[in-house]
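Chemist: Listed in order, the protein sequences are those of chains F and U. So the first sequence is numbered by this note's numbering: it starts at 480 and just counts up by one. So the second sequence is numbered by this note's numbering: it starts at 58 and just counts up by one.
A hint or two may mislead.
[Claimed, not checked] Listed next, the stretches of chain U that the computed footprint assigns to chain F, with coverage defined by at least 3 CB atoms under 8 angstroms from CB atoms of chain F:
#, stretch
1, 202-211
2, 237-249
[Unchecked claim] Computed list of lysine-lysine pairs in DSS-like fashion (alpha-carbon distance at most 25 angstroms, straight line):
#, chain 1, residue 1, chain 2, residue 2
3, F, 598, U, 232
4, F, 567, U, 238
5, F, 642, U, 238
6, F, 623, U, 219
7, F, 520, F, 642
8, F, 585, U, 238
9, U, 232, F, 567
For the record, the hints were derived by calculation from the structure and aren't laboratory data. Glycine included, every Cβ here is placed at the ideal spot set by N, Cα and C.
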Amino acid sequence: MADTEAKREVEIEIKDLGVSFTDNAGNPVQALTGVNLDIYKGEFIALLGPSGCGKTTLLRSVADLQQPTEGKISIEGNTPRQTRLARKFGFVFQQPVLFDWRTVRKNVELPLEVMSESKEERAKRAEEMLEMVGLSNFADSYPKQLSGGMQQRVNIARAFSLKPDILLMDEPFSALDEFTKEKLHMDLLRLWKATNKTILFVTHNIEEAVFLSTRVCVFTPHPGRLANVVDITLPQPRELNMKNTMEFTNLVAQVRGSFEGGSL
Amino acid sequence: MKKSIFEKKWVSVLFWIVLLIIAWEIGAFIVAATKRTPANILPHLTNIIAAAFSTKQVAGKLTASEVVFTSAGATLFRALVGFVLGAVVGYVLALLMKLSGIVEKLIFPYLMLIQLIPVIGLAPIILSITGDINISRVIISAILSFFPVATNVLEGMKAVPKDNYDLMYTYAAPKWMIFSKVLIPSSKPYLFTGLKTGAPMAITASILVDTLQGDGGLGCMLSQSLKHAMNIYVFWLIVFFCAIIGILSTYVIGWIELAVTPSLRVERRTSRPGRPKKNKKALIEKNGGMNNDSSQIQKV
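Let the hints inform the model, and build the full structure from the sequences given.
Modeler: Right, here's the structure in full:
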């Protein structure tokens, strides 16, 4: 513990962030307001809240997919745009967003092609990533031949293949069944430990947030704001049976409590 | 579950062919009994087939079939050149329209307009502009085939979901890569739909212009035969020949599509009913995915 305390280094600094836009009917909507958050290197942050609380907006703002209207985000002193252009983000969308005409291998190689990596390097890295997510045998299959869970694993392998510093995940497992989800949770935690990335993980599932993360950021809607941050003190590495412990139950209750106390 | 014989494709094809032959022959008997020139309206199929294999010389030293084949060469060649030209122009136009909304607003209405002018009106205009009968026919074929290609490809590119762009955006991909890695491959099925529509149109246009301007070609023989300047069965042979070529062109394009789209081959192989699945192993885990085959983006 002392070791991790010593090298706590702020990676993402979010200051007074506000995002507003006009909806289809032309009415102004305040998606997020007054968010202040420091994210440290190697953290696993869960952004938790009901729909409309702005958690995805925050994620997209960090990724430079959305422009904040107030405040600023700084990533190791750079703007989100600079960080994106330096290709330091891996973004995992809610849908797998795989290209049907590419094999699994070619899908994983896509970001490397964009980065003009050599053919050998692409092949090597794709091989490595597919091994990591346990899909080596399916490298030459097409996405439509895979189950939803397998497609999502390809999605994750693709995000890791460009060796990002920061992994941004937007409800990646929300469409999967409970068993597949648990399996992918363990996969993701293993990858996180092995690669030491900083992960921002958007979810609306309290148990998922508590089980995966080192900190849960609780968001409440109307307008979207950061209501509470809960440190998750469960030991590392996480094991599935921790879900049966008193500590887990208490943390879930604590997180749930921050909604009921808020303006939900 | 075993499929009933009537669900097999060749059975239904055969059924319709037989039905068509019966209907045709009934019609032919009625026409033969009531009209003065039955061969002009609906001759018996046997007569047409006999004409195809007849060694009787109908024009100079040529038999009916020889007349069809010799004049087909020129017409189909012009159709092919026009089709390829039209497809290339159509594709480039689609790219330009996708690249710039201004270009789309500027040229799309004119593309529509060109399509609305009847070929019969367009042919003499194009002829007087080009001054060459061959070039003008190629251009007419091109005009008829570029439109389905341009509109289908443009539609295909517009159908690319937003998250595909978002993905490329997070990779900081330059614009040309969004075209080469997303828009062009994902609009490929639409391109082939456009080509399948355009090919028979190019052939039809080529024949139609022949009939207007003379100077050899299938259409020219067609009108001569119809005016009884030549054996009337030449007309019927040309009609059947053109129908077969038109249908074949669509199939050929379908085969080309399959040849250049490995993912489509895999999809066809795994979704074909009533046959053992070759890569069953790879499919064990994927029951969900298999039902999505119908979401294949083609709409004809």
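Chemist: Determine for every hint whether it applies to the structure shown.
Modeler: Here is how each hint holds up against the structure:
Counting residues of the stretch 202-211 of chain U whose C-beta sits closer than 8 angstroms to any C-beta of chain F gives 0, which falls short of three, so the coverage hint is violated. With 5 residues bearing a CB less than 8 angstroms from a CB of chain F, the stretch 237-249 of chain U meets the requirement of three and the coverage assertion stands. Straight-line distance between C-alpha atoms of residue 598 of chain F and residue 232 of chain U comes to about 22 angstroms, which keeps the hinted pair within the 25 angstroms bound. Annotation: proposed proximity of residue 567 of chain F to residue 238 of chain U holds, straight-line Cα distance about 21 angstroms (limit 25 angstroms).
Between the alpha carbons of residue 642 of chain F and residue 238 of chain U the distance comes to roughly 21 angstroms, so the proposed pair stays at or under 25 angstroms and holds. With a C-alpha separation of about 20 angstroms, the suggested pair residue 623 of chain F and residue 219 of chain U falls inside the 25 angstroms cut-off, and the hint holds. For the suggested pair residue 520 of chain F and residue 642 of chain F, the alpha carbons sit about 15 angstroms apart, so the restraint of at most 25 angstroms is met. Simply put, residue 585 of chain F and residue 238 of chain U have alpha-carbon atoms about 11 angstroms apart, close enough for the 25 angstroms limit, and the pair holds.
Simply put, residue 232 of chain U and residue 567 of chain F have alpha-carbon atoms about 19 angstroms apart, close enough for the 25 angstroms limit, and the pair holds.
Checked against the numbered hints above, the structure breaks only hint 1 and satisfies the rest.
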